[in-house]
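Going by full-length UniProt numbering, the residue at position 592 of the sequence shown is 592; the numbering climbs one at a time, nothing skipped.
These aren't lab readings, by the way, just hints derived from the structure by calculation.
Be aware that one or more of the hints could be misleading.
[Unchecked claim] Capping the alpha-carbon separation at 27 Å, the derived lysine-lysine pairs in BS3-like fashion look like this:
hint, residue 1, residue 2
1, K526, K345
2, K526, K584
3, K526, K556
4, K584, K556
5, K628, K152
6, K556, K99
7, K478, K628
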Amino acid sequence: MNPKLPYILLAGAAVIILILSCMLLSKGKRPPTCESQASTVEKTGSVSQSLVFADLTPEEMVQVVRYLQGNLGVPLVDASRAKPSDNCVASVDLQVPAKAEVLRFLDGGGTRPPREALAVLYFGNQPDPNVTEYVVGPLPAPTYHRDVTVQKYGGKVPYHRRPMLGSECEQVGVFLKTVAFAAAPTFLREVLEYDSTNVAFQTTAPHGFRSGDRKSWFILFQNVSGFFLHPVGLEVLVDHSSLDMSRWAVSRVFYNGQYYRDMVQLESAYVQGRISVEKVRKAPWDGEFSSMKPRAPPGALFPLQYEPQGPRYSIRDNLVVFQGWSFAFGMSVSRGLRLFNIRHKGERVAYEISVQEALSVYGSNCPGGMSTRYMDSSFGLGRYTSPLVRGVDCPYSATYVDTHSLSETLRPSPRKASLCIFEHNLGSPLRRHYSNLQSLYYGGLVNSALVIRSIATVGNYDYVWDFIFYQNGAIEGKVQATGYPSSSFLHGDGLRYGNRLWEHTLGMIRTHSFNYKVDLDVGGVKNSLVAHDMAFEMTRAPWSPEQQIERPRLTKKVLDTEDQAAFRLQSKMPRYIYFAANSKNKWGHQRGYRIQITSLAGDHIPEASSMEKAISWARYQLAVTRRKEEEPTSTSIYNQNDPWTPTVAFANFINNETITNEDLVAWITTGFLHIPHSEDIPNTVTVGNSVGFLLRPYNYYDLDPSIYSQDGVFFTSEQDLMACEINPLACLPKTASCLPTFPPFTYDGFQNM
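Whole structure, please, built from the sequences with the hints as guidance.
Put into structure tokens, the structure is as follows:
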């Protein structure tokens, strides 16, 4: 062997290592960190004006409570521990000023309307128990209050209509465990293996069959993760109408298809062997099949969106500005997300867009399920807004906004990261064309839109509420449903009312309906409602009269009255229906905004039902009425517990008034039928359970406003596609090759429960 060979090999290896090291160092060079460019964020819109719609601050809520405590002359108990016979503050929210006052301030240089709060109080400790609503102001240092209950509802609100407080639910739970269950110890021990901790309750609503009732079915489940899917077959009807809790009583008991007078009779029948027992296998604490814990280990990271030059939207207090859009946002305790003063290109297109109600009507052969009609505003779509999980509920890099509410307590409660706002690249073109005829070119625009989102978790269901703003001037309202499907105990003919989801679990059929208020102001406050559609007409070909041609033509109709503008749920509605302005575009057409509804709604409850009038908004897929201050919402939080004498009946809004050249409101209902199936285990997915509406410009502009977007791409066959000034996409390796700075993951959702 050549004695120099080892040295030659060592030298060669050193050279190779040096070359590889240089290559790795050059390839491994860390890209720069993405930096925001202030010039990309619009600086338009007036924060001082948007604050007229701003939610109450925690300090303002505290001042309202102090004022009420010092000026009503009655003791106020903290609602979190109040008995039905106490006085308490149920909620404090913003009192939105009258529209005329606000517009004088926004558009006419008038004075700012006084800032006021709306306080809902339960007066159980007085000879005539009732619910009273007070307007308290001016904030931040209130000096007056006025009772607006009669003005709003035409009379006092009877005490039995009050929404159930959390404390009342807890008190019924204590009654069940300490009084009702004491009457059936053998049954509970041997059939349910009851130990006072291993059952969970779910209440139903409304509470009875006629005005004044407060009788609630309480459904028992195994107290495990995802308990909604673990019914044990026992349901108890509790009469808790008395303000004296010692007079509460069990009115009926249901077990495995049989009804009993009370728990005493159930116990007696069991001891005597006269009950058909269906013993449910005890589930582990994680719920087993109902657990949402992933069944697979973590894999490659899912795709993430980032903003290489920082956000292109701005948020200042409650004002959002994005690509020609601006709007104010807020969160109602009862109704959730709402927007005001929505402008595009500086011009107001809508005064208010807000969620009104989420209704679900269930079917079952168990009493709790068959009697359930949840009206979720009564529980509080804003109150139960969930803290959002960064990276799942919203994009990781979204802007997260805290909100505050005062409900069932004397102190404001923070809702950390309960709103998110983000720009979303939908991964498809908003518009495009590839030309290979005559001239050769490509033109397109990425569909990037702004989303504002909240998610309300009301019991078993999670509702994802979105308002989306597109660069062509369109607005989308969308709701996606997820969460757990509520279930009944499977027995008898249960499969007439749903699908079997597990051994003893019936996924109950139910309808979901969602109502929105859309106060469009198209080219001004005064609008008319116009319908365009099509019809085929037969004609002779002018160049060949012996031949017939069937051609579509445009049909036009002005809808003059509220009755003409009320479209029943399953009826045929004009495919183009729009709010028309008194002004015209360059081409002589009335400027307008079109309403386009996406819905898979099930059937509405029969109008012969004694409670239908309370949810009569759900009769209509669309109803357009004159805007009135005395008709601010389509329903009431008091309708849930007395639907037989509804505090607000939407059907009364429609009384054939003229709607030509008036300030109009569109009430939009969308929804879907849900028949739970095995793929709803453990959780219902949002895919296919998304409905909503679009508001689209219709001759409002002279051409598509998105043509002015800075995101547009256009190049021809004659141009250098690699030149940045011709094709900005060619610059992405330079302009977008940066590392996003992701904030550390935090979550406060398990605090301040």
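The hints, checked one at a time:
| no. | hint | in the structure |
| --- | --- | --- |
| 1 | K526 <-> K345 | holds (20 Å) |
| 2 | K526 <-> K584 | holds (14 Å) |
| 3 | K526 <-> K556 | holds (20 Å) |
| 4 | K584 <-> K556 | holds (16 Å) |
| 5 | K628 <-> K152 | holds (12 Å) |
| 6 | K556 <-> K99 | violated (31 Å) |
| 7 | K478 <-> K628 | holds (26 Å) |
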